Amino acid sequence: MQITGMFHGARLLQFVGFPATEVLGPGASEEEIKSLIDRHGQVFVKPMFKGGIGQKGKAGLLGRASDLRAALAEKERLYFAEHAVGGQRAKANGVTFEAGVPARHEVYFSITDSTRFRAPTMTLTHRGGVDIEEVERREIAVVPFDPLTGLKAFVVANALSEIGAPREIISPLVQQLPKLWDLFHDFGMTTLELNPIRLREDAKGRLVPVACDFKCGFDRDDPRWARLGLPAHLFTADHSDFEQEINQLRTHQGQSDVYVVNDGGTILAPTFGGGANSLVTEMLGDAAIISSDFGGNPPYEKMKEVARICFRHWLKQANVLFIIGGKSNNTDIHETLRAIADALREHVGLHGATPLYVVLGRGGPNLVRGMAVLRDTCDQLGLPYRMFGFDSDISQVISYAKQADAWMKSGGRAQLAAGLGLPESA
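Quick note on numbering: the sequence shown equals residues 0 to 425 in numbering that gives the first Met the number 0.
Just so you know, the hints here were simulated from the structure itself, not pulled from any lab data. All of these numbers come straight from a predicted model, not from anything done at the bench. It is possible that part of the hints are untrue.
To be verified - Straight-line distance between alpha carbons at most 25 Å, and here's what the computed DSS-like set of lysine-lysine pairs gives: (1) K401 <-> K315; (2) K408 <-> K315; (3) K326 <-> K301; (4) K57 <-> K74; (5) K315 <-> K301; (6) K214 <-> K74; (7) K178 <-> K214; (8) K57 <-> K315; (9) K151 <-> K178.
Stated by the list, open to error - Per label pair, the in silico range of CB-to-CB distance: (10) D221 <-> S65: 15 to 25 Å; (11) K151 <-> R88: 13 to 23 Å; (12) H350 <-> Q13: 46 to 56 Å; (13) L349 <-> W406: 44 to 54 Å; (14) P222 <-> L421: 40 to 50 Å; (15) D392 <-> V15: 44 to 54 Å; (16) L349 <-> G56: 18 to 28 Å.
Don't be surprised by glycine CBs; every beta carbon is placed ideally from N, CA and C.
Based on the provided sequences and hints, a complete structural model is requested.
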């Protein structure tokens, strides 16, 4: 869950009174755009992407205009712009018009939940306006602080002094930057980044920090973000129908993080736990259909619906159903496996049998009862299976799932199809 850009960022900054550049959305009239240019001298035209994707400036996806005709030409160029960074692709749906802010100083600022320091951490440099990776390390302050006391003014002042920031910008930043901790903390954010913050002179010649770009991410399991009243469509992207269906279940107890990594894969691996998910996705490679984390002690009804959606979209092509996770402390494994088994039985009843090898690797409360339910279901459906308990090495379990997939590809699937009375093409 991310927000990028000033269209929504400027409104969020108003909650804590942090100055932001004036912004018009994609529905702005020509009169409004011209008035914005007349007041500020120039506007920046930026495409609006759902979610977060970087390096837009380097890709030329940033327009600048000092008259209405140029602004409308940039709007036409960028309104439906497409952008790719690495394996991530995004398509814009609209543009924003942001007032230019003349300034001699640009600042980068962010707060993140740091896994290194196990504390919220401020990153600050007076060399903003560029990627933080391009700034020399001696000019970057990375300062963890106590979440109980928050980001205090002296923390900002000390950091700016240590990196040799110009003296004239220290006082304005010390007055304004601590406000951003309230925004970060009060609304369940995991990251907040302003780059650049430009320091312009007011009518009395004093420098005022003005946010000119905005990025933040939310913890979807922290309900405080909902107090912002953000539209639901803001957190959707160009996902597949499968991902859209699963993501709608985020409103229920438990997690529903899922991403299609290879729509031509052959191992369907509903995974439980972030650590397990990382290892499974890495080791399965191209064989994996999805990357997922369905942990968080999901109730029976939700887990059955998740499994039902997974089976409807992917079971026909899967060689292996690989149910895998770490040793749980609070997830009722019996409820989880009972829901998956019931969904599998109902799917076969509606759509017919399919050749499938079932592999389970799990640990936690009521594991044996859950295994028994899954075993009985596999026996009833005539499916081969292998189950591993809490004392099994997870990497060896993943290797076994890959071996089962290889066996299915080398003739095992045809053997199972024949045993189930299906044509060999199945």
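Hint check:
Restraint check for K401 and K315: satisfied, since their Cα atoms lie roughly 18 Å apart, inside the 25 Å limit. Restraint check for K408 and K315: the C-alpha separation of about 14 Å stays at or below 25 Å, so the hint holds. For the hint linking K326 to K301, the alpha-carbon distance of about 21 Å falls within 25 Å, and the restraint holds. Distance hint between K57 and K74 is fulfilled; the C-alpha atoms sit about 18 Å from each other, no more than 25 Å.
Our distance criterion of 25 Å between C-alpha atoms is met by K315 and K301, whose separation comes to about 22 Å. The straight-line distance between the Cα atoms of K214 and K74 is roughly 22 Å, inside the 25 Å bound, and the hint therefore holds. Restraint check for K178 and K214: the C-alpha separation of about 16 Å stays at or below 25 Å, so the hint holds. Annotation: proposed proximity of K57 to K315 is violated, straight-line Cα distance about 43 Å (limit 25 Å).
This hinted pair checks out: K151 and K178 have alpha carbons roughly 9 Å apart, not beyond 25 Å. Under the hint 15 to 25 Å, the C-beta atoms of D221 and S65, about 43 Å apart, miss the expected range. Range check, K151 to R88: Cβ separation about 41 Å, and the 13 to 23 Å hint is violated. For H350 paired with Q13, a C-beta distance near 52 Å keeps the hint of 46 to 56 Å intact.
Between L349 and W406 the Cβ separation comes to about 27 Å, which falls outside the hinted range of 44 to 54 Å. Checked against the hint of 40 to 50 Å, the pair P222 and L421 passes, with Cβ atoms roughly 47 Å apart. Under the hint 44 to 54 Å, the C-beta atoms of D392 and V15, about 49 Å apart, fit the expected range. For L349 and G56, the Cβ-Cβ distance of about 51 Å falls outside the hinted range of 18 to 28 Å, so the restraint is violated.
Of the hints listed earlier, those the structure fails to meet are numbers 8, 10, 11, 13 and 16, in rising order.
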